[in-house]
Amino acid sequence: MALGDLSSSSTSELHVLAVDDSIVDRKVIERLLRISACKVTTVESGTRALQYLGLDGDKGSSGLKDLKVNLIVTDYSMPGLTGYELLKKIKESSAFREIPVVIMSSENIQPRIEQCMTEGAEDFLLKPVKLADVKRLKELIMRGGEAEQEKTSNLIISSPKRILQNNFFFNIFFIITIIVIFIA
Amino acid sequence: MELAQMQKSLQDYTKSLFLEGVLDSQFLQLQQLQDESNPDFVSQVVTLFFQDSDRILNDLSLSLDQQVVDFKKVDPHVHQLKGSSSSIGAQRVKNACVVFRSFCEQQNVEACHRCLQQVKQEYYLVKNRLETLFKLEQQIVASGGMIPAMELGF
Chain A
1 MALGDLSSSS TSELHVLAVD DSIVDRKVIE RLLRISACKV TTVESGTRAL
51 QYLGLDGDKG SSGLKDLKVN LIVTDYSMPG LTGYELLKKI KESSAFREIP
101 VVIMSSENIQ PRIEQCMTEG AEDFLLKPVK LADVKRLKEL IMRGGEAEQE
151 KTSNLIISSP KRILQNNFFF NIFFIITIIV IFIA
Chain B
1 MELAQMQKSL QDYTKSLFLE GVLDSQFLQL QQLQDESNPD FVSQVVTLFF
51 QDSDRILNDL SLSLDQQVVD FKKVDPHVHQ LKGSSSSIGA QRVKNACVVF
101 RSFCEQQNVE ACHRCLQQVK QEYYLVKNRL ETLFKLEQQI VASGGMIPAM
151 ELGF
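Quick mapping for you: the protein sequence lines, in order, are chains A and B. Residues in the first sequence are numbered consecutively from 1, following UniProt numbering. Residues in the second sequence are numbered consecutively from 1, following UniProt numbering.
Do not take every clue at face value.
As the list claims (entries may be wrong) - Some chain B residues well away from chain A (every beta-carbon gap over 10 Å; in silico):
hint, residue
1, Q7
2, S16
3, L19
4, L33
5, F41
6, S63
7, P76
8, H79
9, Q117
10, K127
11, R129
Stated by the list, open to error - Here are the simulated distance ranges between beta carbons:
hint, chain 1, residue 1, chain 2, residue 2, range
12, B, Y13, A, E107, 30 to 40 Å
13, A, T118, B, S37, 23 to 33 Å
14, A, A95, B, K73, 36 to 46 Å
15, A, E92, B, Q139, 48 to 58 Å
16, B, R55, A, T118, 30 to 40 Å
17, B, P76, A, Q115, 16 to 26 Å
18, B, Q121, A, T118, 35 to 45 Å
19, B, V141, A, E92, 50 to 60 Å
In short, the hints are calculated from the structure, not lab data. Here a beta-carbon is modelled for each residue, glycine too, at the ideal position from N, C-alpha and C.
Please model the entire structure based on the sequences and the hints provided.
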């Protein structure tokens with residue numbers, strides 16, 4: 001799981017994939033993220049983003065990325081694949097659906113925001129994006145990662161029963177035991 | 001000119017741009033992103049904006065000069081320019097783009113021609129002002145001085 005891998009990286013640096021067709025906005029978002037201690041890869045389109053992730057069906061391109069992506073930040077209005085369509089493709093993919101996706105837009109259109117949040121977007125940022133937005137976003141994502149790690153460690157340390165429950169045969173054993181106790 | 005005088009001139013000049021509404025707070029955001037590790041960040045972004053805008057304005061002129069104007073081509077260009085001008089804090093350019101887009105929606109060719117002229121005017125204005133600003137900064141740096149941080153209390 002993408003967020004769970006934060007525990008295995010030596011620093012707690014997020015690797016963010018930023019998608020925007022505007023060269024000016026790419027420069028700004030890259031700087032905003034770098035100054036917030038994130039690793040950044042920028043691409044100019046939804047199609048390029050899918051290629052980078054290796055989701056475009058071309059097996060040859062899957063070797064392109066050397067760093068796992070922890071967060072995707074994408075502009076909404078782009079020619080070709082829109083940010084919304086990119087979001088959908090990512091959420092449809094079993095390999096990448098866990099990666100949080102944040103949509104950016106210069107237009108404050110409520111139905112658009114709801115549509116993106118319903119499709120599973122983590123957040124919706126109004127452009128022009130500010131340093132405070134990125135800081136807040138990073139905290140949100142890092143907290144989400146910590147929460148995932150906590151859940152996992154709780155599972156191992158204090159709730160052995162949950163591991164048992166995941167196992168089919170133990171489930172049957174458990175049910176039979178209950179029935180026996182109930183009959184006795 | 002003395003260093004302190006140059007620094008004061010720069011501050012006053014920058015202040016006037018905000019007071020005239022040529023620049024808005026987004027420009028301050030960009031300045032906050034500039035530091036010793038990235039001392040030319042603002043001028044780099046602004047240079048990209050100039051290059052990008054020149055291209056867009058050229059495309060817009062061509063599109064509007066067609067016999068039959070294809071607004072499906074015109075509107076995305078204006079949207080792009082609106083976005084990039086907003087991202088660097090070029091407030092008057094952005095506002096001119098907003099008006100432009102409303103006339104695109106109405107498919108009013110004549111009004112769009114006027115809007116393009118207005119956008120160009122605002123663009124050349126902010127371009128001129130920012131080039132002057134960067135020259136003042138360069139003079140200060142060349143004299144061994146530091147660019148004074150912009151005070152927000154005005």
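Inset, instruction - Please write out, lowest number first, the hints stated earlier that are contradicted by the structure. - result: Numbers 4, 5, 7, 8 and 13 - these are the hints that the structure violates, sorted from lowest upward.
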